[in-house]
Amino acid sequence: EDQVTQSPEALRLQEGESSSLNCSYTVSGLRGLFWYRQDPGKGPEFLFTLYSAGEEKEKERLKATLTKKESFLHITAPKPEDSATYLCAVQDTDKLIFGTGTRLQVFP
Amino acid sequence: NAGVTQTPKFQVLKTGQSMTLQCAQDMNHEYMSWYRQDPGMGLRLIHYSVGAGITDQGEVPNGYNVSRSTTEDFPLRLLSAAPSQTSVYFCASSYRLRNSPLHFGNGTRLTVT
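Just so you know, the sequences run in chain order S and E. The first sequence begins at -4 in my numbering and counts up one residue at a time. The second sequence begins at 2 in my numbering and counts up one residue at a time.
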């Protein structure tokens, strides 16, 4: 069964404390993996697309990586404004499957 | 640059009532879709459209209807609201059906009593 699992469900960090969010997937044919950021009361906002194992993308304090079974979103020296829910979505051959997200809180 | 605009932001319905959630995009995207987001579950696809006049069902289509008469607009109709349809609804658009980032609206929070 096609599945996308994100961990942890919630993460609390001190400002400056680096960490990683995980998105593991089981799909028949990966066509792409997407990361989104969602703020409370807002729609998801696109961050990155990764297409093949070994690929990496960076944006400010965020870096996304991809292997054949999982993707990581690394957050380096986070700030309180990085607090949000981070969603992962996997494009299979014929459908897009979303994970349930990791809720990140960064405290000053 | 408005992007994807959804109205209303909040709505309360009684069981059995009908209503239409509005969605408009100004990016000339061919692909538009409706998702619902429930606690503890990933976004689930309700209906989608790959162009004006073309619609198809997603993962959870029952109780919902859509039409696409123009490229810009993609309304979602609830035919007879049920408490199970209490959710947050998101409209999204993209350049194409697959492997293209989705642009989301800010959602409609619907409560059915």
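Hints listed in this document are in silico derivations from the structure and should not be mistaken for laboratory results. Certain hints may be false.
As the list claims (entries may be wrong) - Dumping the calculated BS3-like pairs for lysine-lysine here, alpha-carbon to alpha-carbon at most 30 Å:
hint : chain 1 : residue 1 : chain 2 : residue 2
1    : E       : K15       : S       : K37
2    : S       : K58       : S       : K74
3    : S       : K52       : S       : K90
4    : E       : K10       : S       : K90
5    : S       : K63       : S       : K90
6    : S       : K90       : S       : K54
7    : E       : K10       : S       : K37
8    : S       : K64       : S       : K90
9    : S       : K90       : S       : K74
These numbers come from a predicted model, not from an experiment.
Hints, one by one, checked against the model:
1. E:K15 - S:K37: 25 Å, holds
2. S:K58 - S:K74: At roughly 15 Å apart (the allowed maximum being 30 Å), K74 of chain S and K58 of chain S satisfy the hint.
3. S:K52 - S:K90: 23 Å, holds
4. E:K10 - S:K90: Distance of about 28 Å is within 30 Å: holds.
5. S:K63 - S:K90: Holds: K63 of chain S and K90 of chain S sit about 18 Å apart, inside 30 Å.
6. S:K90 - S:K54: 27 Å, holds
7. E:K10 - S:K37: Holds: K10 of chain E and K37 of chain S sit about 10 Å apart, inside 30 Å.
8. S:K64 - S:K90: Roughly 17 Å between the alpha carbons, so the hint for K64 of chain S and K90 of chain S holds.
9. S:K90 - S:K74: 34 Å, violated
Comparing the model with each earlier hint shows a violation of hint 9 alone; every other hint is respected.
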